Amino acid sequence: MILAQVHLTLPIWLREVVDESRLYADDESRVALAIELARCNVENTTGGPFGAAVFTGAGQLISVGVNRVVPQNCSAAHAEMMAYMLAQARLQRHRLNENGERFVLATSAQPCCQCYGATVWAGIDELLIGARSQDVEELTEFDEGPLPADWVGELEKRGIAVKRDILREQAREVFLRYRELGGGKY
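In terms of my numbering, the sequence shown opens at residue 169 and continues consecutively.
Since the hints were made in silico from the structure, they are not lab data.
Since the structure is predicted, the reported quantities are computational estimates derived from the model, not experimental observations.
The C-beta atom is built at its ideal place from N, Cα and C for all residues, glycine as well.
A hint or two may mislead.
Said to hold, decoys possible - The following label-pair restraints were derived from C-beta to C-beta distances: (1) ILE170 / GLU337: 45 to 51 Å; (2) GLY227 / LEU344: 25 to 31 Å; (3) GLU266 / THR213: 33 to 39 Å; (4) ALA172 / GLY321: 37 to 43 Å; (5) ARG183 / GLN228: 26 to 32 Å; (6) PRO314 / ALA226: 18 to 24 Å; (7) GLY327 / GLU196: 20 to 26 Å.
Start from the sequences and build out the full structure, keeping to the hints where you can.
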(Lines of atoms letter the chains of each structure in order from A and count residues from 1; the text may use other names and numbers.)
(Lines give C-alpha, C1' and ligand atoms only; values in the text may rest on other atoms or scores of the structure.)
Protein backbone atom coordinates (compact mmCIF):
# COMPACT_ATOMS: atom_id res chain seq x y z
CA MET A 1 0.00 0.00 0.00
CA ILE A 2 1.30 3.46 -0.90
CA LEU A 3 1.52 5.65 2.21
CA ALA A 4 0.03 9.14 2.00
CA GLN A 5 1.33 10.66 5.22
CA VAL A 6 4.61 11.10 7.09
CA HIS A 7 4.69 11.52 10.84
CA LEU A 8 7.92 12.73 12.47
CA THR A 9 8.28 13.44 16.17
CA LEU A 10 10.75 14.98 18.58
CA PRO A 11 11.68 13.29 21.87
CA ILE A 12 9.54 13.95 24.92
CA TRP A 13 12.53 15.16 27.00
CA LEU A 14 12.48 18.41 24.96
CA ARG A 15 9.64 19.66 27.15
CA GLU A 16 11.99 19.70 30.14
CA VAL A 17 14.96 21.27 28.34
CA VAL A 18 13.39 24.01 26.22
CA ASP A 19 12.24 27.27 27.83
CA GLU A 20 9.76 28.73 25.36
CA SER A 21 9.28 31.90 27.39
CA ARG A 22 12.96 32.85 27.43
CA LEU A 23 14.30 35.52 25.09
CA TYR A 24 17.51 34.38 23.38
CA ALA A 25 18.95 37.83 22.73
CA ASP A 26 22.46 36.98 21.50
CA ASP A 27 24.21 34.55 19.17
CA GLU A 28 25.87 32.60 21.98
CA SER A 29 22.62 31.86 23.83
CA ARG A 30 20.99 30.69 20.60
CA VAL A 31 23.83 28.35 19.65
CA ALA A 32 24.11 27.21 23.28
CA LEU A 33 20.51 25.98 23.06
CA ALA A 34 21.24 24.09 19.83
CA ILE A 35 24.29 22.46 21.46
CA GLU A 36 22.29 21.56 24.57
CA LEU A 37 19.64 19.93 22.38
CA ALA A 38 22.35 17.91 20.62
CA ARG A 39 23.89 16.90 23.95
CA CYS A 40 20.56 15.79 25.38
CA ASN A 41 19.77 13.83 22.21
CA VAL A 42 23.04 11.94 22.67
CA GLU A 43 22.65 11.40 26.42
CA ASN A 44 19.07 10.18 26.01
CA THR A 45 19.99 8.02 22.97
CA THR A 46 17.10 9.51 20.99
CA GLY A 47 19.05 10.37 17.84
CA GLY A 48 22.27 11.72 16.43
CA PRO A 49 24.47 14.48 17.90
CA PHE A 50 22.85 17.48 16.22
CA GLY A 51 20.53 20.22 17.47
CA ALA A 52 19.00 23.31 15.88
CA ALA A 53 16.57 26.08 16.72
CA VAL A 54 14.70 28.76 14.78
CA PHE A 55 14.34 32.21 16.37
CA THR A 56 12.85 35.51 15.38
CA GLY A 57 15.43 38.24 14.84
CA ALA A 58 14.61 39.53 18.33
CA GLY A 59 15.33 36.13 19.89
CA GLN A 60 11.90 34.59 20.42
CA LEU A 61 12.12 30.81 20.07
CA ILE A 62 9.90 29.52 17.26
CA SER A 63 10.93 25.86 17.00
CA VAL A 64 13.63 23.35 17.81
CA GLY A 65 14.92 20.20 16.19
CA VAL A 66 17.21 17.31 16.91
CA ASN A 67 18.49 14.58 14.65
CA ARG A 68 15.93 11.76 14.45
CA VAL A 69 17.14 9.91 11.34
CA VAL A 70 17.61 6.46 12.87
CA PRO A 71 14.67 6.42 15.32
CA GLN A 72 12.27 7.75 12.64
CA ASN A 73 13.75 5.76 9.72
CA CYS A 74 13.91 8.98 7.72
CA SER A 75 17.05 10.42 6.14
CA ALA A 76 15.42 13.87 6.04
CA ALA A 77 14.96 13.98 9.84
CA HIS A 78 18.04 16.13 10.48
CA ALA A 79 17.95 18.69 13.30
CA GLU A 80 17.78 21.67 10.93
CA MET A 81 15.09 20.05 8.80
CA MET A 82 12.98 19.24 11.86
CA ALA A 83 13.35 22.82 13.13
CA TYR A 84 12.42 24.25 9.73
CA MET A 85 9.38 22.01 9.29
CA LEU A 86 8.09 22.76 12.78
CA ALA A 87 8.61 26.52 12.37
CA GLN A 88 6.83 26.46 9.01
CA ALA A 89 3.95 24.46 10.49
CA ARG A 90 3.69 26.78 13.49
CA LEU A 91 3.70 29.96 11.38
CA GLN A 92 1.75 28.39 8.50
CA ARG A 93 4.14 29.57 5.81
CA HIS A 94 6.63 27.71 3.65
CA ARG A 95 9.04 30.65 3.60
CA LEU A 96 9.47 31.92 7.14
CA ASN A 97 10.47 35.49 6.29
CA GLU A 98 7.92 36.05 3.53
CA ASN A 99 6.17 38.73 5.58
CA GLY A 100 9.37 40.73 6.08
CA GLU A 101 10.00 39.39 9.58
CA ARG A 102 13.61 38.30 10.24
CA PHE A 103 14.48 34.68 11.23
CA VAL A 104 17.65 33.04 12.54
CA LEU A 105 18.68 29.39 12.56
CA ALA A 106 21.14 28.37 15.26
CA THR A 107 22.71 24.96 14.74
CA SER A 108 25.18 22.90 16.73
CA ALA A 109 27.14 22.11 13.57
CA GLN A 110 27.54 23.38 10.03
CA PRO A 111 24.63 22.20 7.89
CA CYS A 112 25.23 19.18 5.66
CA CYS A 113 24.42 19.41 1.96
CA GLN A 114 20.74 18.55 2.58
CA CYS A 115 20.26 21.15 5.30
CA TYR A 116 22.28 23.71 3.36
CA GLY A 117 19.80 23.39 0.49
CA ALA A 118 16.84 23.72 2.83
CA THR A 119 18.41 26.84 4.37
CA VAL A 120 18.36 28.52 0.96
CA TRP A 121 14.59 27.99 0.67
CA ALA A 122 13.35 28.11 4.28
CA GLY A 123 13.32 31.88 4.64
CA ILE A 124 16.21 32.25 7.06
CA ASP A 125 18.07 35.57 7.27
CA GLU A 126 20.95 34.48 9.49
CA LEU A 127 22.71 31.18 10.14
CA LEU A 128 24.62 30.69 13.41
CA ILE A 129 26.95 27.67 13.52
CA GLY A 130 28.78 25.89 16.34
CA ALA A 131 31.07 23.11 15.02
CA ARG A 132 32.43 22.95 11.49
CA SER A 133 31.82 20.08 9.08
CA GLN A 134 35.50 19.17 9.52
CA ASP A 135 34.79 18.61 13.24
CA VAL A 136 31.82 16.38 12.43
CA GLU A 137 33.77 14.27 9.96
CA GLU A 138 36.86 14.09 12.20
CA LEU A 139 34.96 13.00 15.32
CA THR A 140 32.14 10.84 13.87
CA GLU A 141 31.34 8.54 10.95
CA PHE A 142 29.08 11.14 9.30
CA ASP A 143 29.67 12.27 5.71
CA GLU A 144 28.38 15.83 5.44
CA GLY A 145 28.19 15.69 1.65
CA PRO A 146 29.30 18.15 -1.02
CA LEU A 147 28.79 21.89 -0.74
CA PRO A 148 29.75 24.67 -3.16
CA ALA A 149 33.38 25.75 -2.66
CA ASP A 150 32.14 29.16 -1.50
CA TRP A 151 29.05 27.95 0.35
CA VAL A 152 29.11 30.92 2.73
CA GLY A 153 29.28 33.33 -0.20
CA GLU A 154 26.40 31.54 -1.91
CA LEU A 155 24.22 31.97 1.18
CA GLU A 156 25.26 35.60 1.59
CA LYS A 157 24.37 36.28 -2.08
CA ARG A 158 20.88 35.12 -1.16
CA GLY A 159 20.66 37.45 1.83
CA ILE A 160 21.59 34.90 4.51
CA ALA A 161 24.31 36.12 6.90
CA VAL A 162 26.58 33.37 8.25
CA LYS A 163 28.45 33.33 11.56
CA ARG A 164 30.68 30.34 12.34
CA ASP A 165 32.62 28.89 15.27
CA ILE A 166 30.19 30.09 17.95
CA LEU A 167 30.91 27.93 21.01
CA ARG A 168 32.79 25.56 18.70
CA GLU A 169 34.62 23.69 21.46
CA GLN A 170 31.38 22.98 23.33
CA ALA A 171 29.84 21.70 20.10
CA ARG A 172 32.85 19.43 19.50
CA GLU A 173 32.42 17.96 22.99
CA VAL A 174 29.00 16.60 21.98
CA PHE A 175 30.58 14.67 19.10
CA LEU A 176 33.24 13.29 21.44
CA ARG A 177 30.53 12.14 23.86
CA TYR A 178 28.58 10.57 20.99
CA ARG A 179 31.69 8.63 19.99
CA GLU A 180 32.32 7.55 23.62
CA LEU A 181 28.78 6.15 23.80
CA GLY A 182 29.28 4.12 20.63
CA GLY A 183 27.46 6.49 18.26
CA GLY A 184 25.79 5.28 15.14
CA LYS A 185 23.33 3.00 16.91
CA TYR A 186 20.74 5.72 17.35
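Can you tell me whether the CB distance of GLY327 to GLU196 sits inside 20 to 26 Å? holds, 23 Å
Cβ distance range 25 to 31 Å for GLY227 and LEU344, holds or violated: For LEU344 against GLY227, whose Cβ atoms are near 29 Å apart, the range 25 to 31 Å holds.
Within 26 to 32 Å or not, the Cβ separation of ARG183 and GLN228? violated, 18 Å
With respect to the beta-carbon atoms only, verify the hint that PRO314 and ALA226 lie 18 to 24 Å apart. Cβ of PRO314 to Cβ of ALA226: about 35 Å, so the range 18 to 24 Å is violated.
Using the Cβ atoms, figure out if ILE170 sits within 45 to 51 Å of GLU337. holds, 47 Å
Do the beta carbons of GLU266 and THR213 sit within 33 to 39 Å of each other? Because 37 Å falls inside the window, the suggested range holds.
Could you say whether the range 37 to 43 Å given as a hint is met by the Cβ separation of ALA172 and GLY321? holds, 40 Å
Hints 5 and 6 from the earlier list are contradicted by this structure; the remaining hints agree with it.
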